[in-house]
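Line order of the protein sequences matches chains A and B. For reference, each letter of the first sequence is one residue, going 2 to 550 in the working numbering. For reference, each letter of the second sequence is one residue, going 89 to 175 in the working numbering.
Since the hints were made in silico from the structure, they are not lab data. Where a beta carbon is used, it is the ideal one built from N, C-alpha and C, also for glycine. Be aware that one or more of the hints could be misleading.
Claimed, not checked - If you want a taste of the chain A side facing chain B, the calculated C-beta under 7 Å gives, among others:
(1) Ala64
(2) Gln73
(3) Ser221
(4) Pro238
(5) Asp242
Unchecked claim - A few chain B residues that don't get close to chain A, going by computed Cβ distances all over 12 Å:
(6) Pro90
(7) Glu91
(8) His103
(9) Ala124
(10) Gly126
(11) Asp127
(12) Thr151
(13) Gly156
(14) Glu157
(15) Glu165
(16) Asp175
Here is what each chain is made of, one letter per residue.
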Amino acid sequence: MSPGRVYGPAERMINTVVEPADRPTRDPERDIGRVHGAMQEVSSHLASLAEQSTGVVADVLHAQSLMALDPQLVANVRELINTEHLSGDRAVWVALNRFREMLVEAGGYLAERAADVTDVRNRIVTVMGGAQHPAPPRPDRSFVLIADDLSPADTAGLDLELVLGFVTANGGPTSHTAILAKSLMIPAVVACQGILDIDESSIVALDGGSGGVIVDPAQSDLKNYRATGTSRREHKPLDNDAGTTVDGWQVQLLANIGGLDEAKQAAAAGAQGVGLFRTEFLFLDKMEPPTVDEQLAQYRGVFEQFRGRKVTIRTLDAGADKQLPFLGGDTEINPALGVRGIRLKRTHPGLLEAQLEAISGAARDVDADVHVMAPMVATVEETNEFVDSARAKGLAKVGVMVEVPASVLMADQVFPSLDFVSIGTNDLTQYTMAADRMVGELARYNDYWQPAVIRLIDLACQAAQRGETSVSVCGESASDAAYAAVLIGLGVTGLSMSTSCLSLVNELIKSVTLEQCQSAAGSALRAKTAQEARQRARALLPQLEQLGL
Amino acid sequence: MPEVQVTVGSRVGLHARPAALFVRAVASQPIPVTIAKGDGKPVPAASLLSVLGLAVLHGDAVTLQAEGEGAQELLAELADMLAQELD
């Protein structure tokens, strides 16, 4: 689920909730009042946890805060107390279980959200029983956290430095546990039935890559498992020889960033530059596009973090799938195939010009090695138009994103006017396989190990090598160590990923040779399936195993 | 009773963030609003749990109903909101 091998003492999520007994209410009005008080307390507790969180976690906590005071829940609880004479805590239990069942029956994505409802139920019932809010264990040593499923609220109070790994009895690939583990690079196995039945003093070993869990392992089982220190791989800042293979081949290790805060983190982690600077943040929630001066100040701030180093800035990648208020426009039936990226140039001609103007101004002010690229390029005309516009503004290094298969098939025409291309593997995979990234059932198509995707990257690299165009990759695939090696073998010379993944990928690069990467790439290219491609590459890269990747 | 039909524009359907945004907008004003999926039973639109339970997907048609002063304008606003990408 989330790779890495660790073992350590098991600690269970402290969950004091007990199913309330089915006993009649003695005083309906008093019970209704107590329920309401507990709901309010839980709702505001969750709201305050939400305020301290960010991203998906904050979204879930805000939603849970609404659920805890849901007007229909209040009505149902009142009904259960008044007409079925249930006690207050029992009524909460029953009413929320009914909502939960509804979500489970709906299946898929909604079934995953059932855990949020269970968590709200447990919290209200716990508070009504006079106990503390459920809290994570707080031992003073490293441990493997065992739980039924983890809610965002559970993990909000967790000392993540001490968590070696997660094993949960429930939860799926989009559960909160899975998302959290991946973003923090903590090894995790979800949906491990029976894990809650183990003895309290057990040692648990888990392999997040394969999904294996061993309870009370023998010493011989623990080869390549880590027990202490940070299972969360240390985010050692990259040193001077980062990105160099055993035989001296150089690959640039770059960061994907979306604003100044991430630029600072990337610079502190020693990123050799920025391979993808997303500019959407400047345009979100705006009724009017930001002015040239506003943009210039923001770009300058980011460039200052990377003086003398590469910063690859991508022009606005918005459109029907990421609606911006000032763009207006109709809802498209198929937004991934709609007016997005460079295609906005036709509908909103001034936008790109203003952005290039601002980038050029900031590049003149700060001595960063500024590269500019356009997203969603499909044709030779739009490539040439973009290059002309950017060069007219005085920008020296101009490239495009390779995401649309058409641009690869036309590479001999598209690439020659470019200094570089950057392959966006997430979109390239979705468009090559004609599989919507947002549709969970299509996950096996949306796998960058699909041989068709590897072949397209190979074609792009070959076309680039015939000219003077350099190729980098920005996308989730660059942070998959095995895939990074394949990319290097294909001829990619820059890997851009979220800052937290840099040191891990660097570990692998420093342990392999270019020739090994080339054999892994050659073998993956001959695979018939995504799984076979992955296996072939891994078999030729035994270092992955030794590094626990 | 005034009502309006709209096709849900958010890619993830009416759950997660879009559902919370919609429910919050309904709850922040005094007129009771109901929402139904297709020909289904209307549920209170101020209830996140009920709205999630409808399992509304991208492209599903929903019907909003409301009665009271300013109901028409309110329904138009909410329908506009649902038609957009809210995630």
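According to the definition I'm using, a residue is off the interface if its beta carbon is farther than 12 Å from all beta carbons of the partner; does Pro90 of chain B meet that for chain A? Since the minimum Cβ distance to chain A is about 21 Å, Pro90 of chain B lies beyond 12 Å and the statement holds.
Taking the minimum C-beta separation from Glu157 of chain B to chain A, is that value above 12 Å? holds (21 Å)
Please confirm whether Gly126 of chain B is truly not at the interface, meaning its C-beta sits more than 12 Å away from all C-beta atoms of chain A. holds (14 Å)
With chain B as the partner, please determine if Pro238 of chain A meets the hint condition of a C-beta pair closer than 7 Å. violated (34 Å)
Confirm or reject the statement that His103 of chain B sits farther than 12 Å, beta carbon to beta carbon, from all of chain A. Contrary to the label, His103 of chain B does not stay out of reach of chain A, its closest Cβ about 6 Å off (not over 12 Å).
With 7 Å as the cut and Cβ atoms as the points, is Ala64 of chain A at the interface with chain B? Check passed: Cβ of Ala64 of chain A comes within 5 Å of chain B, closer than 7 Å.
Are all beta-carbon distances from Thr151 of chain B to chain A longer than 12 Å? Label holds. Min Cβ-Cβ 18 Å, cutoff 12 Å.
Check on Asp175 of chain B being off the interface with chain A, judged by Cβ distance over 12 Å: The claim is violated: Asp175 of chain B sits with its nearest Cβ about 9 Å from chain A, within 12 Å.
Interface-negative label, Asp127 of chain B against chain A, beta-carbon threshold 12 Å: Its Cβ never comes within 12 Å of chain A, the nearest being 17 Å, so this holds.
Checking a non-interface call: every C-beta of chain A should be farther than 12 Å from the C-beta of Glu91 of chain B. Is that right? Glu91 of chain B is indeed farther than 12 Å from all Cβ atoms of chain A, at 20 Å.
Minimum Cβ distance from Gly156 of chain B to chain A greater than 12 Å, as the annotation requires: holds (16 Å)
Beyond 12 Å from every Cβ of chain A: is that where the Cβ of Glu165 of chain B lies? Per Cβ check, Glu165 of chain B is outside 12 Å of chain A; nearest 14 Å; holds.
Hints 3, 4, 5, 8, 16 from the list above are not met by this structure, while the remaining hints are.
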